[in-house]
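Trainee: Read top to bottom, the protein sequences are chains P, C, X and B. For the first sequence, our numbering gives the first residue as 5, with consecutive numbering after it. For the second sequence, our numbering gives the first residue as 249, with consecutive numbering after it. For the third sequence, our numbering gives the first residue as 14, with consecutive numbering after it. For the fourth sequence, our numbering gives the first residue as 143, with consecutive numbering after it.
It is worth saying that the hints were derived from the structure and are not from the lab. Hints are supplied without guarantee of correctness; some may be wrong.
[Said to hold, decoys possible] Pairs of lysine-lysine, DSS-like flavour, derived with a Cα cap of 30 Å:
id, chain 1, residue 1, chain 2, residue 2
1, B, K352, B, K171
2, P, K401, X, K84
3, P, K128, C, K252
4, P, K348, C, K557
5, B, K185, X, K317
6, P, K348, C, K252
7, B, K171, C, K330
8, C, K330, B, K185
9, C, K330, X, K317
10, X, K317, B, K289
11, C, K252, X, K317
12, B, K263, B, K225
[Stated by the list, open to error] Chain X is faced by these chain B residues, among others (derived, beta-carbon under 7 Å):
id, residue
13, S154
14, G157
15, K219
16, F260
17, T279
18, T308
19, T314
20, E318
21, V319
22, K325
23, E327
24, G346
25, G436
26, Q437
From a predicted model like this one, the values you see are computed outputs, not experimental measurements. Idealized CB from N, CA, C, for every residue including glycine.
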Amino acid sequence: MVHNFENILAASGISKFFPGAVALDKVDFTLRRGEVHALLGENGAGKSTLIKCITGAYHRDGGSLTLDGQEINPANTLAAQKLGIGTVYQEVNLLSNLSVAENLFLGRQPRRFGMTDIRAMNRKARDLLAGYGIDIDVTAELSRFSVAVQQVVAIARAVDLSGKVLILDEPTASLDSHEVELLFRIIEDLKKRGLGIVFITHFLEQVYAISDRITVLRNGKLVGTRDAADLPRQGLIAMMLGRELAHVEEAARERSVAAGDVRYRFAGYGKRGKVKPFDLEVRAGEVVGVAGLLGSGRTETAELLFGIEHADSGSATIDGKAVTLSSPRAAIEKGFGFCPEDRKTDGIIGDLSIRENIALALQARRGWTRPLSRAEQNALADRYIKALDIRTTDREKPIRLLSGGNQQKAILARWLATNPKFLILDEPTRGIDVGAHAEIIRLIEKLCADGMSLIVISSELEELVAYSSRVIVLRDRQHIAELTGERITAAGIVEAIAAAEHKMEEA
Amino acid sequence: MNSKYLPLLATIVIFVLAYAGCTLQYPNILSTRVIGNLLTDNAFLGIAAVGMTFVIISGGIDLSIGSVIAFTGVFLAVILQKTSIHPLLAFALVLVITTAFGAIMGAIIHYLEMPAFIVTLAGMFLARGMAFVLSIDSIPIDHEYYATLTSLYYRLPGGGRLTLIGGIMLLVFAAGVFIAHRTRFGTNVYALGGGPQTARLMGVPVGRTTIQIYALSGFLAGLSGIVFSLYTSAGYSLAAVGVELDAIAAVVIGGTLLTGGAGFVAGTLIGILIQGLIQTYITFDGTLSSWWTKILIGLLLFAFILMQKAILFLSSLNKRYA
Amino acid sequence: MRSSLNALAYRLAPQLIALVVILLLNFITSPQFFNVVVQNGRLYGSLIDVLNRGAPVALLAIGMTLVIATKGIDLSVGAVIAICGAVAASSIVAGGSVSYTIFLTLAIGLACGVWNGFLVAVLNIQPIIATLVLMVAGRGIAQLITEGAILTFNNDGLTFFGSGSMALLPMPVVIWLLVGLLVILLVRRTALGMLIEAVGINRRASTLSGIQTPVLLMAVYMLSGLCASIAGIIVAADIKGADANNAGLWLELDAILAVVVGGNSLLGGRFSILGSLIGAMIIQAVNTGILSSGFPPEFNLIIKAVIIIVILVIQSPAVQSLAVFASRRQGVMEQPK
Amino acid sequence: GGLTVGFSQIGSESGWRAAETTVTKEQAKKRGIDLKFADAQQKQENQIKALRSFIAQGVDAILIAPVVETGWDDVLKEAKEAKIPVILLDRTIKAPDDLYLTAVTSDLVHEGKVAGDFLVKTVGDKKCNVVELQGTTGSSPAIARKKGFEEALAGHDNLKIVRSQTGDFTRTKGKEVMESFLKAENGGKDICALYAHNDDMAVGAIQAIKEAGLKPGKDILVVSIDAVPDIFKAMSEGESNATVELTPNMSGPAFDALDAYLKDKKAPPKWIQTESKLYTPADDPMKVYEEKKGQGY
Ligand SMILES: Nc1ncnc2c1ncn2[C@@H]1O[C@H](COP(=O)(O)OP(=O)(O)OP(=O)(O)O)[C@@H](O)[C@H]1O
Ligand SMILES: Nc1ncnc2c1ncn2[C@@H]1O[C@H](COP(=O)(O)OP(=O)(O)OP(=O)(O)O)[C@@H](O)[C@H]1O
Ligand SMILES: [Mg+2]
Ligand SMILES: [Mg+2]
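Isolated chain P (complex conformation):
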């Protein structure tokens, strides 16, 4: 490895071992001044681990780090921050009990006469967020805001902290195109100021949109570093997966196939302060996509359907029979399943093993008196670990030790194990690598061919377009449009959202 003077950050021979797993095996990585360097790889390849080794969140087990030619050994993230390395970790790592402003300025609050100058802090916070097009009450607790807003706050904080290096670990996972554009503009700006930027994502378009160089990891090993311009998309995927990926997204399917009878009917369904009453029909074997901007009420719609929130108006019928969905359990008994958006707080049971996490919903439905035998659980877990390609050393590993994308797959497995008839997926592909992404889309199509009904919420319009037979568009907690047939295109969805905006402004 040439230690080029242009390198602002150089990591060489980084190793990291976990009990029973080699997460990083002598990985080299260099970051130049003024470049955007994409760090890519499958779920569990070791990207986040590398980042954490660089920022001192983990103690590395081998290798060295230099910043500006100087050897560094940040003992913790605070030390890294002081060295001018700002980081957005995967999953929003902010404190939801603090105010937005406090989150932005934690540890470096402006002070006057030795005490925190709250007014100045709030002012600076507002200014900072204004640069990202967000105008919110910065004194409110962070938990009041959606994942997307939180993500932007995390980015704003990291950018503000980074004097030399900015590291972004899947920062765009819960952002929509508008915010992504904003973020990219800011990155360009920082680039000009000579910062080095590390960018981790599973969206290949975004990689090509802004990166200068690309480093690929596989199974904790370095595969190689290339200039983005010289690496075609197929080549990149091959580097990541170690094999060619057959037909990535060209499975443009003929819609209207197998759209059976209407099985689920929600009429005037809504809840005051959450979602305005809406009508929804779902047929057997169809995928209903749900689109909308951030905070438009998609997740809340899903929560209403699954009985987490109680509808205060309207009725629900299944196969013509009226039902009440008073709790998740009631919904599950009717054959519902729900894969939540926030896997950390709503999905995984961190300390339980992958096996138990997968078996959980099925077990809950069977009741405690009829335990799944160990052998049954093992079979179940093995089946889905294989089917969804969950990367793990063994099924007894606590799920919190899995990489983000693999956790997502395990949650999906939990619901598939219950053989649901009606499955609600909220951002199912968030943080999932290209290989698995294709896998999941294929799975959705297969489920649907088997007669399952699905509702899929996604911010990735292409994805929605690919498998939905109908797309519901939400805005301001209101169902404003339903697209069918030919009208289901990315452009069509964007148009529907914009049209509503127009209408509202006129009103």
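Dock chains C, X and B with the ligands against chain P, hints included.
Mentor: Here is chains C, X and B with the ligands on its own, set in the frame of chain P:
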């Protein structure tokens, strides 16, 4: 108004209502004498509860404070009896000891990754054990400086007294509010309560903050012990048994979440006053047997929690997002 | 089967080692400690005393383990002991039959659990404060029943549970072993254990997975109340009287300590009842050891504190991982949450 | 009539104290006194609070059973300034004696001495190993009763305290500690007498002795203090050898003194000592038991 102040507001509303209710029944309760007593009699509990508030906001718990108060009292009594050093010096000495005691517990909690409940439970045994070893007798303190300090008070109109120790408690609360909301340390305490892993990733010095929190609690327990020894002019190794539970109850009634991350120092003051009010009410009534006293204290505690829940629930109905 | 036994032994190794070390210390300070003889048809000796005197804490620890596994805590168990002791004594004194008395007492214990469970699961009150209500009021209720006096009784049927014996073992030992075994079978032979762990680790995610969280929480507090009521019967039967003022006083702390010394996390989740039972025996071994050592009582607390600290330090994750990865430096932050 | 008197009781930690409370309430009722009762749950701070609150209410007099000897000066001064006479019940305090009207108590050290003297007399010249069950560590009865007992034993080298441990004044602990004593002293064969700081511990210990296959009262002499009903039952069965009475009727003499003081301004003596009567099986224990049963023990 910011919704996070709701629990605090609920507590204040309940307190005012309860006080009004008591006054209707026993007009004397509104006298400055009773109000002065409320402050004086709960001074030591209040001071210790401020420390407990910080600990609980950070997601921990400190069970050692009652024992530390007893230890402080015995230590002061013994040292003032056996040596001729000035009480102020003795105060400084004991504060150093209790602060260090707290800091060591904090260090054990952090570095050995042990639950605070257990570490401070051991600390509780240890501190009281040390008090026993110093002396099992109750020892009066008859230093004239003590007499001077205890005779300091401000006479309120109506015959009540704002005593030195009552004043100290109010000052400690003021300082506590200031530290919680106006210093980086304070924000770090809340950050720890929000999640130590996340806080660490965000660059909060978790170890240092943990140690500081328990050191602060130890310091305040020591100060509370000094106040207690002024209050009783004595040291006794069996004093202040169970004060930690009273303090925890006050903190929680004051709207602080035991899971950490949210709460108010000022709320704790109200919590203390509510408990004091319950007791005052019971003595004014004066007809309850020992057991009915306990049952009533339990029921009133329950009633306060319930009212708090009710107010929060009602207000959440009007909020847009739960 | 064998491998899971091995895993169990490995998991409980620190507790077992601690128990052995304490017993050896006891042997050193009082050499007669291991003498066990058969007398009056039952085993008799300091070692048996440890098992026998540890019964109330062991019983409480069984329920407490499950409560703690759900991320809760039950401070009321000491008071429930007092209530149930008082109920049992007054029922017997009033002429109730033994079986009726036992039934009534267990029902009252369950009712206490229902109350706690209701506050925690339905009203969503923080467990420590919810159970504090009964901790404070409960002792008052017990005194109300006995009117503050020690209610003595003389009924061989009831005293049998305190000082009788079965298969050479004192009844209290038989009872806690039996209850322990039953509860372990109950949670491990059914899915209950896993569901409880899931709720303790992530309540919301568990609810979303279809677990009936409130029912489960309620059940756990009820079991804790039941265990406390059994302990209450034993404590009352032991002294042939209900001492509402002192029965079970501060035992909740011992029970929590037993659970933690048994290697369970206070943050909920994974639990081992067997570990808690060993923890209870460790604590009782310390107590009995202090009594038979002949040190002046002023030192009791210090000795206890020091021993507990040493045991916990040895068990602490930090020291353990230090021992395992003797030289290699370990990640400080292991959980990417 | 028409007096209002505040009574700050320590708590209800033992049957004896419950009896004291009952007797006090009865005495007040008999004299037409309006008694304001406050239970302090064993906490001094609660007692001080109660006293302050009595003063704020303007009661005519205050009775207090102080939980500890020290720490009362300030609040007693306040009472004095408010011209409210204070009478101490069953325990004395370390404070200038002009701060209270009088103290109605037994002599705790003397109680221990009476128990000790009984043992010395009973044992005679025989060699005798005594085990002692102490009260709650640090409590004044435990300290004083130990002291008095040791005074009585001084000079009698044939009597020796071989083991002494706290039983917290409770039956359960009394039994548990006695069990360990028995095991440590050769199955109890080396123990000739038990001295317990209160009857409750003695009752627990008697059971332990029986369960160890020995005869309490014969193989091991049992001496204790308080004279609660249950010990008389044991005595009638020959299982206890002596108890020293601590009368629960402290309030009777207290109210008498108060009446005299309020009517005639006659200051009572500073210490009204109650009798520490020794009961042995010769005193018809069952009769005493029946007498005492109704007193709320
Ligand atoms: N604390 C830990 N203990 C054991 N194994 C771990 C731990 N943390 C991570 N791993 C393992 O290390 C590997 C790398 O994980 P990492 O989080 O770095 O993946 P990633 O490339 O960021 O994946 P993703 O795209 O899903 O975020 C995974 O196989 C994971 O299971
Ligand atoms: N820019 C914003 N400013 C203020 N509040 C917002 C903003 N974005 C989202 N929110 C709030 O966050 C909450 C999240 O709503 P919800 O999760 O139902 O939206 P969603 O359509 O599912 O969006 P997401 O893509 O984040 O999941 C909403 O109550 C919304 O009001
Ligand atoms: Mg990652
Ligand atoms: Mg959403």
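Trainee: Each of the hints needs a verdict: does it hold here or not?
Mentor: Hints and how they fare:
1. In summary, the hint linking K352(B) to K171(B) is not supported, as the alpha carbons are separated by about 43 Å, beyond the 30 Å threshold.
2. Taking the CA atoms of K401(P) and K84(X), the gap is near 22 Å; set against the 30 Å cutoff, the hint holds.
3. With a CA separation close to 22 Å, the supplied pair K128(P) and K252(C) stays within the 30 Å bound.
4. With a CA separation close to 27 Å, the supplied pair K348(P) and K557(C) stays within the 30 Å bound.
5. Between K185(B) and K317(X) the CA atoms are separated by roughly 24 Å; this keeps the pair inside 30 Å, and the hint holds.
6. Restraint check: the Cα-Cα separation between K348(P) and K252(C) comes to about 24 Å, which is no more than 30 Å; the hinted pair holds.
7. Proposed proximity of K171(B) and K330(C) is contradicted: the alpha carbons are some 48 Å apart, above 30 Å.
8. Distance check on the hinted pair: K330(C) and K185(B) sit about 27 Å apart at the alpha-carbon level, within 30 Å; holds.
9. A threshold of 30 Å between alpha carbons decides the hint, and for K330(C) with K317(X) the separation of about 29 Å falls inside it, so the pair holds.
10. This hinted pair checks out: K317(X) and K289(B) have alpha carbons roughly 27 Å apart, not beyond 30 Å.
11. A hinted pair counts as satisfied when its Cα atoms are at most 30 Å apart, and K252(C) with K317(X) does not qualify at roughly 42 Å.
12. Using a Cα cut-off of 30 Å, the hinted pair K263(B) and K225(B) is violated, with the two alpha carbons roughly 49 Å apart.
13. Taken as an interface hint, S154(B) checks out: its beta carbon lies about 5 Å from the nearest beta carbon of chain X, inside 7 Å.
14. Taking 7 Å as the C-beta cut-off, the interface hint given for G157(B) holds, the closest approach to chain X being about 5 Å.
15. With its C-beta approaching chain X no nearer than about 32 Å, K219(B) sits outside the 7 Å limit, and its interface hint is violated.
16. Here the hint on F260(B) is broken, as its CB sits about 24 Å from the closest CB of chain X, past 7 Å.
17. Hint status for T279(B): holds, given a least beta-carbon distance of 5 Å to chain X, under 7 Å.
18. Using the Cβ-Cβ criterion of 7 Å, the hint placing T308(B) at the interface with chain X is satisfied: the shortest such distance is roughly 4 Å.
19. At a threshold of 7 Å, the smallest CB-CB gap from T314(B) to chain X is about 6 Å, leaving the interface hint in force.
20. A hinted interface residue such as E318(B) counts as satisfied when its beta carbon comes closer than 7 Å to some beta carbon of chain X; here the least separation is about 6 Å, so the hint holds.
21. Given hint, V319(B) at the interface with chain X, holds; its Cβ is 6 Å from that chain's nearest Cβ, closer than 7 Å.
22. Among the interface hints, the one on K325(B) holds; its C-beta lies about 5 Å from the nearest C-beta in chain X, closer than the 7 Å criterion.
23. For the restraint placing E327(B) at the interface with chain X, the shortest Cβ-Cβ distance is roughly 9 Å, beyond the 7 Å limit, so the hint is violated.
24. Annotation: G346(B) was flagged as interfacial toward chain X, and the flag holds, the nearest CB pair being 6 Å apart, inside 7 Å.
25. At its closest, the beta carbon of G436(B) sits 11 Å from a beta carbon of chain X; the interface hint therefore is violated under the 7 Å criterion.
26. Residue-level restraint check for Q437(B) is violated (minimum Cβ-Cβ distance to chain X is 9 Å; threshold 7 Å).
Hints 1, 7, 11, 12, 15, 16, 23, 25, 26 from the list above are not met by this structure, while the remaining hints are.
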